[in-house]
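Chains as they are written, first to last, in numbering that gives the first Met the number 0: chain G, 0 to 324; chain Z, 0 to 216.
None of these hints come from the bench; they were simulated from the model.
Certain hints may be false.
[Claimed, not checked] Simulated DEER-style distance windows between Cβ atoms:
| # | chain 1 | residue 1 | chain 2 | residue 2 | range |
| --- | --- | --- | --- | --- | --- |
| 1 | Z | R65 | G | L162 | 52 to 62 Å |
| 2 | G | A145 | Z | D72 | 54 to 64 Å |
| 3 | G | G102 | Z | E187 | 28 to 38 Å |
| 4 | G | E222 | Z | D113 | 25 to 35 Å |
| 5 | Z | E103 | G | K300 | 53 to 63 Å |
| 6 | Z | E81 | G | P8 | 42 to 52 Å |
| 7 | Z | E146 | G | D77 | 49 to 59 Å |
| 8 | Z | E88 | G | Q122 | 27 to 37 Å |
| 9 | G | K300 | Z | S96 | 49 to 59 Å |
[Said to hold, decoys possible] Footprint (simulated), chain Z over chain G, 3 or more residues, beta carbon under 8 Å:
| # | segment |
| --- | --- |
| 10 | 13-26 |
| 11 | 84-93 |
| 12 | 123-137 |
| 13 | 290-297 |
In this text, a Cβ means the ideal position worked out from N, Cα and C, and glycines have one as well.
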Amino acid sequence: MIEVVSLPPLATIQDLGRDGYWKQGLGRAGAMNRMAHSLANLMLGNDATAATLEIPLSPASFKFTKRCAFALVGGACDAHLDDRILPRAFAGVAEAGQTLNLGPITNGAQVYLALAGGINVPQILGSFSTQLRENFGGFEGRVLAANDQLEPCASDMPVLPKLGLSLALPSPKRLGDTDIVLRAVPSSEHDSFSATAQAAFWSEAYTVTAQSNRQGYRLEGTELDRQTTGELRSHGIVPGIVQVPGGGQPIVQLADSATMGGYPKIAAVIEQDLWRIGQARPSDRLRFEKVTLAEAAQAAKDEDLLMDQYRKDLAAMTQQMMGWN
Amino acid sequence: MSATRLSMIGSRAVLFEVDCPFDLTHQERIWALTHAASTWDGVLESVPGMTNLTLLLDHVPQDLDRIERDLCDLWNTGKRHEVDGKLLEIDLTYGGSGGPHLAEVAQMTDMTIDQVIKLHSASDYTVYAVGSHAGYCYLGGLDPRLETPRRKVPLPRLPGGSLSVAGLQTGVSASAGPSGWNTIGSAEVSFFDPNKPQPALLQPGDRIRFLPKEVIA
Chain G
0 MIEVVSLPPL ATIQDLGRDG YWKQGLGRAG AMNRMAHSLA NLMLGNDATA
50 ATLEIPLSPA SFKFTKRCAF ALVGGACDAH LDDRILPRAF AGVAEAGQTL
100 NLGPITNGAQ VYLALAGGIN VPQILGSFST QLRENFGGFE GRVLAANDQL
150 EPCASDMPVL PKLGLSLALP SPKRLGDTDI VLRAVPSSEH DSFSATAQAA
200 FWSEAYTVTA QSNRQGYRLE GTELDRQTTG ELRSHGIVPG IVQVPGGGQP
250 IVQLADSATM GGYPKIAAVI EQDLWRIGQA RPSDRLRFEK VTLAEAAQAA
300 KDEDLLMDQY RKDLAAMTQQ MMGWN
Chain Z
0 MSATRLSMIG SRAVLFEVDC PFDLTHQERI WALTHAASTW DGVLESVPGM
50 TNLTLLLDHV PQDLDRIERD LCDLWNTGKR HEVDGKLLEI DLTYGGSGGP
100 HLAEVAQMTD MTIDQVIKLH SASDYTVYAV GSHAGYCYLG GLDPRLETPR
150 RKVPLPRLPG GSLSVAGLQT GVSASAGPSG WNTIGSAEVS FFDPNKPQPA
200 LLQPGDRIRF LPKEVIA
């Protein structure tokens, strides 16, 4: 059991999202950084679909009221369990009375806290995720606040090394690149943008502005102008879509995206790179790389292989541990 | 024959659009397409928009021409899905703090406030699509005389139950959120209940009738 001492304003319970209600207007929600969320779960032997706590930016503090296994994965935030410095991906056991402190995030945008078996919240419409606009799901349909208590679903302790477990996280940036590169496919109105706009979009960096949240990130860079005007009829949109309103500055829709919209769409970021945007914070720079559908399909396979490798490595570790006991 | 177009809106999401008149007859053809496509292999969800259709797929598609051809062939059959939907009557308060732009809309449309209310509540509206936020209904049937431009500066937070107009569209928001439309009234109605097996109150083809209960001018 863990008690919230302090938290940034928008910490919510999330999982991999709520699918199947798009035609009733309900967006997917779910973790902004699915990679970190999933790894936090896997390190405790949970399914990737178990509920975690998503903590965006600012500092946070928790107190363990009972002995409890936990995992903490995500941005660099100078995390401490009492005096002990924790790595960026850690799973271990805290004793009753210990304090988990997270400092300001210096790299990345959120941290995920997982408990054994998942954080215990009711499943609604097939998911544990919080729907912030509709006020349901997650922890009483709301953001977490001081004095809230989080309980693990499992009472058994997962198999973990005595001093805890750490692993290497994939980097959102490519080696030697200062920008986060996002692979994307051209979308519906791509060809109606001017040649200069298209060239700028696929080569120049766009900066994440402060007007960025779980719904979407507003970007700033070379203005993207269209050769045609006129309003579009409302149509479906999904997380990853890059819309360009009249002002010419792009918006990337993310986890809490609406299900329908009306702005022109220049590109769609592939699902496998959404966690990279999730790691971006205001003033970080994003660049878009055009890929084919074949490359997008390959990216999905690559991600499956990577997650399988993590699962295998963790299973091998557990096997060894059991052998020693 | 209308021009059609298929495009990617996500690595596993495609949008099929038809360049056709914006009316119930054509929307009924979109619903027919929606139902047919929802049974196809590889389609997770089939979602109607305003004379367009979004398909959420289980894999990154590799043959867009094939999907486009299948959808086009179906569209060109002209098959319509007529819905004998339910009628929801909604008591409305026009104007006041829940409808801050009523006077402006009257001014923009060159009508009196009474005329705006009479015209807006004169006929039934059909739910063309459900989306944007949970349970929100895109309605067809607004009198063209009530057409207004979207607001230059959107309101950052409008309460749920707000009745708005913009372009040839009108609707009642299902939960609090930002809005760039002109808000002319308010209602107390719950459009989405996650505890029900069918959480959205209305589905495409259902109808709404607005009953003016109070006018605060």
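Violations among the numbered hints, reported as their numbers in ascending order: 3, 4 and 11
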